[in-house]
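Engineer: Here are the chains, one letter per residue:
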Amino acid sequence: MAEMNVPESGAKKGKKKARSKKMSTRVDLTAMVDLGFLLITFFMLATTFNKPKTMEVNKPAKEKDEKEQPAIKMSKTLSLLLGNNNKVYWFVSPDEVNADTKLELDSVDYSSNGIRKVIQRRIKEVHEMWTDTTNLFVMIKPLPSSKYKNIVDILDEMTISNVKTYAILKPDDPVDSLVCLNIGQPRK
Amino acid sequence: MPKVKVPRKSTAIDMTAMCDVAFLLLTFFILTTKFRPQEVVQIDIPSSTAQIPIPDKDILMFQIAPDGKVFFGLDDQPTRLGLLDRLETGYNMKFTPKQRDAFRLTELWGMDVRDLPKYLDMDANARANAVQPGLKIDTTGGEHQLEDLILWSRQTNNNLRIAIKADKTTEYKAFDKVIEALQNRKVNRFNLITSAKGSKE
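Here the protein sequences come in this chain order: A and B.
Each residue of the first sequence is one higher than the one before, starting from 1238 at the first, in the working numbering.
Each residue of the second sequence is one higher than the one before, starting from 4 at the first, in the working numbering.
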């Protein structure tokens, strides 16, 4: 497809004298364009565009002595047990456990109508019960059968609902074991 | 009747502009590209609203497959070699120069540390296709391989950040074991790798 300068009109006949032939300065670019697009395709396919994001998690340092940790009023908290089948079991542990304490246990899903409503309602409750500046403390306790996605989801909910104080804990509270027994899922 | 002469047009098109565009795009892709790392296991990461981009270097990555296998990856080669030195002394092993070279190029691996020489002796193709059993997590015989790897990598490279990349469906059990090991080595801060959520519901 080398390009030629084809004169389209004009007096071509008369000027057909011994004139040195002018070479066209145009180069055939087809092959170059082909190569260019081939490389583009390669780099487009090889590249990772969507850079993954990260979520930073800080776990409390392990204390050697349990007593060093300050106790928190259970009525300022919300416990979330992450179970299997994408369910969250939530309850508020009583401040003191005795024979006739009743525990309200409910299960919701991870949608914006499920756990988010629960968290937001609980934030309001804590504000009403204590002062407006009291922060809700959420205890996230994943059961072994819960999925990794559930943890990411619940941490996400903390960000969305602007809960600053939360912790990922092991479900080793006496109340937790009762709840686990109730919902029929192993605790360990 | 005079013949109507249709002027013959050249079929060649001027390619200069197209060529310019092609090479502009090419330059862009060459400069922005970061090659997809080799994948030992397919991991489908969950999405979240987190917006912090993952740092470019000094990453220690644990990848957890859906079946709970844990894989270990360091992103830069000097750290990998440093870790190998520590493994040699710590586990009484000796690596040949060929094995060291293979380890230097291994982005992700998951097996008992003692099986490493055998794995590194394979040629590159066989290594890529080998099924790996996952890191040895249980601590039989007083060996804490996972914790050793964490400690020694961090001693080799002080700035190492720990990242955990797990599949959506990985059970918490496997995840917990890794965290446990990290905390035993006093690493209380780590990153969970997620993809950005397309649209908020």
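Hints are computed from structural coordinates only; laboratory data are not their basis.
Errors might be hidden in some of the hints.
Restricting the straight-line Cα-Cα distance to at most 25 angstroms, the calculated cross-link-like pairs of lysine-lysine (BS3-like) are [as the list claims (entries may be wrong)]:
(1) Lys-171(B) to Lys-1324(A)
(2) Lys-1288(A) to Lys-60(B)
(3) Lys-171(B) to Lys-200(B)
(4) Lys-1425(A) to Lys-180(B)
(5) Lys-200(B) to Lys-1354(A)
(6) Lys-1296(A) to Lys-1401(A)
Quick caveat, the model's predicted, so the values are computed rather than measured.
Engineer: Now tell me if each hint is right for this structure.
Structural biologist: For each hint, the structure was consulted:
1. Lys-171(B) to Lys-1324(A): Satisfied, since the Cα-Cα distance of roughly 15 angstroms is no more than 25 angstroms.
2. Lys-1288(A) to Lys-60(B): The hint holds at about 14 angstroms.
3. Lys-171(B) to Lys-200(B): Between Lys-171(B) and Lys-200(B) the Cα gap is close to 14 angstroms, so the pair holds against 25 angstroms.
4. Lys-1425(A) to Lys-180(B): Judged against 25 angstroms, a Cα distance of about 12 angstroms means the pair holds.
5. Lys-200(B) to Lys-1354(A): Roughly 20 angstroms separates the two Cα atoms, so the pair holds.
6. Lys-1296(A) to Lys-1401(A): 14 angstroms, holds
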